[in-house]
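Residues per chain are reported as follows:
Number of protein chains: 2
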Amino acid sequence: MPPEPFFAGPGIDRADALRARPDEVAALLGNERATAVMWSDGAPALGIDGRLQWQSVAGDEPLFLGLDNGVPRFSTLPDGTVPTDSRAHFGMLGQLAPDDAPLFAAALSLANWHRRHGFCSVCGSPTDPNRGGWSRECRSCSAEHYPRVDPVVIMLAEHNGRMLLGRQPQYPPGRYSALAGFVEPGETIEAAVARELFEEAGIRVTNVRYLASQPWPFPSSLMIGAIADSTGAALVIDRTELDDARWFTRDEVKAALTGDGGASFLPPPRFAIARTLLEHWVAGSAS
Amino acid sequence: MPPEPFFAGPGIDRADALRARPDEVAALLGNERATAVMWSDGAPALGIDGRLQWQSVAGDEPLFLGLDNGVPRFSTLPDGTVPTDSRAHFGMLGQLAPDDAPLFAAALSLANWHRRHGFCSVCGSPTDPNRGGWSRECRSCSAEHYPRVDPVVIMLAEHNGRMLLGRQPQYPPGRYSALAGFVEPGETIEAAVARELFEEAGIRVTNVRYLASQPWPFPSSLMIGAIADSTGAALVIDRTELDDARWFTRDEVKAALTGDGGASFLPPPRFAIARTLLEHWVAGSAS
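Chains as they are written, first to last, in full-length UniProt numbering: chain A, 1 to 287; chain B, 1 to 287.
Hints were generated in silico from the structure; no laboratory data involved. As the structure is a computational prediction, the values presented were derived from the model and not from experiment. We put the beta carbon where it would ideally sit given N, CA and C, even for glycine. One thing to keep in mind: the hints can contain errors.
Unchecked claim - Reference listing, derived: stretches of chain A covered by chain B, where coverage requires no fewer than 3 residues with Cβ under 8 angstroms from a Cβ of chain B:
#, stretch
1, 3-10
2, 42-52
3, 117-126
4, 161-170
5, 217-224
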């Protein structure tokens with residue numbers, strides 16, 4: 001079996017039912033074992049072992065993450081300057097311990113959402129955290145707002161045994177990866193996959209199959225990985241989105257994934273679901 | 001093959017690339033074939049044939065839906081009172097022509113989003129439609145906001161050949177349907193399925209498989225349909241969410257789907273993806 005995507009896994013017990021009981025959350029905050037996320041440069045801080053760093057709670061931690069083998073875990077909004085470019089965080093992902101990755105994703109996505117939702121989109125008034133930090137309520141119109149999760153399709157397209165990959169302008173030299181795009185209102189996953197592949201590469205696809213999913217906390221996406229069959233090989237590349245797109249053979253993908261020095265391209269990093277999709281394809285589990 | 005979910009399908013050509021070219025959208029607005037959605041009670045109006053009703057564009061239609069076999073289609077925000085309870089619209093879904101359902105979903109979801117996003121969540125200032133209505137931009141801080149699509153998992157759980165279904169308090173008498181819940185930040189689809197089934201019914205599941213997806217414009221969800229294997233049959237029902245939950249045999253589900261008068265429950269309506277999931281299971285394509 002190919003590995004699970006990075007950031008996947010059950011994470012901790014979110015204990016959702018407690019969010020509606022502020023007295024119980026307050027009691028957990030007073031629990032001597034309770035700890036809160038430490039932040040560094042706008043992301044959860046990691047120790048040298050790649051594990052999340054925790055500190056004792058200090059008063060009014062507004063975000064209740066859940067119960068970690070009985071330990072109450074809280075989060076706050078990070079202080080200081082927040083990198084606006086999510087790629088600033090990618091360097092640390094190579095260090096992050098896989099077991100802590102789901103909680104890292106939850107804490108960072110939730111913080112990213114709170115940072116940009118201090119005001120009510122309905123009436124413009126200030127909002128305050130509610131439900132242990134899993135919503136915000138407007139002080140004026142009482143509208144309740146919930147954290148966003150943006151579904152994104154990310155997909156491989158196959159034709160005659162070859163796989164379509166593309167490169168975005170900001171990628172490191174030589175890297176090719178799966179094409180991707182946001183699911184829009186009124187679309188299925190399958191329709192979004194077909195639309196994005198046509199828009200970005202000019203191909204028409206059939207037989208869209210779901211493969212795996214991954215939370216992606218930059219700022220708060222749900223990556224939905226799929227594979228589809230292209231009806232042809234001719235490409236019309238959208239140069240506003242992509243530097244290039246090309247078909248690669250299975251041998252080329254295998255060489256890239258094994259880190260072969262002579263590989264024809266640099267594969268996506270281990271923490272990207274695009275790599276998991278390529279591993280599925282090479283292993284034959286995506287057919 | 002079981003049918004596709006209602007609201008599924010490619011819909012019209014969204015012509016996304018034009019959204020970044022306001023001059024071209026304005027030219028399409030002046031096209032003599034251009035038409036705009038008619039609204040009735042907060043939803044797109046239907047004719048007696050169940051088709052969407054269109055009117056000529058009147059000046060400043062801010063939302064560009066796309067090209068419908070070359071015909072430019074626009075939308076506005078609906079006037080008048082908007083039903084706050086989405087179930088007010090369910091009656092009309094039985095009339096809606098399946099071919100028009102994807103466009104109905106796109107227009108209604110987009111309108112639902114604009115209605116609640118007149119102000120910037122970052123700074124509280126007014127926002128204006130941008131990109132042909134596919135974003136809103138803040139007049140003050142220039143933050144750009146994109147339409148929300150909220151991913152929801154909706155799932156069947158199987159144990160010893162029986163299927164778990166539940167009923168929400170607002171269902172009509174006798175109806176049972178698939179359990180469902182929002183995907184949260186930091187979760188995979190598979191983790192959300194497992195969490196929701198444990199929270200609402202107290203069961204632990206393995207082997208979560210994706211089946212189908214559906215846009216759901218009340219207000220703007222992406223329903224992600226799945227099936228999982230339960231490790232046991234004992235239920236702990238969350239009575240704040242559900243009136244009841246029960247295991248049903250395949251014969252019971254078959255009888256319900258065929259409208260058998262002696263069926264032990266009323267199945268979900270044809271426009272709900274829960275029904276599609278049950279059809280998959282009965283057809284054996286969900287194994």
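Verification of the hints:
1. Coverage of the stretch 3-10 of chain A by chain B holds [criterion: at least 3 residues with CB-CB distance below 8 angstroms; count 5].
2. Residue count for the stretch 42-52 of chain A with a Cβ under 8 angstroms from a Cβ of chain B: 0. That is fewer than the three needed, and the coverage hint is violated.
3. For the stretch 117-126 of chain A, the stated coverage by chain B holds: 10 residues have a C-beta nearer than 8 angstroms to a C-beta of that chain, and at least 3 were required.
4. Residues of the stretch 161-170 of chain A lying with their CB closer than 8 angstroms to a CB of chain B number 0, which falls below the three-residue condition for coverage.
5. Under a criterion of three residues with beta carbons nearer than 8 angstroms to beta carbons of chain B, the stated coverage of the stretch 217-224 of chain A is upheld, 4 such residues being counted.
Comparing the model with each numbered hint stated earlier shows that hints 2, 4 do not hold.
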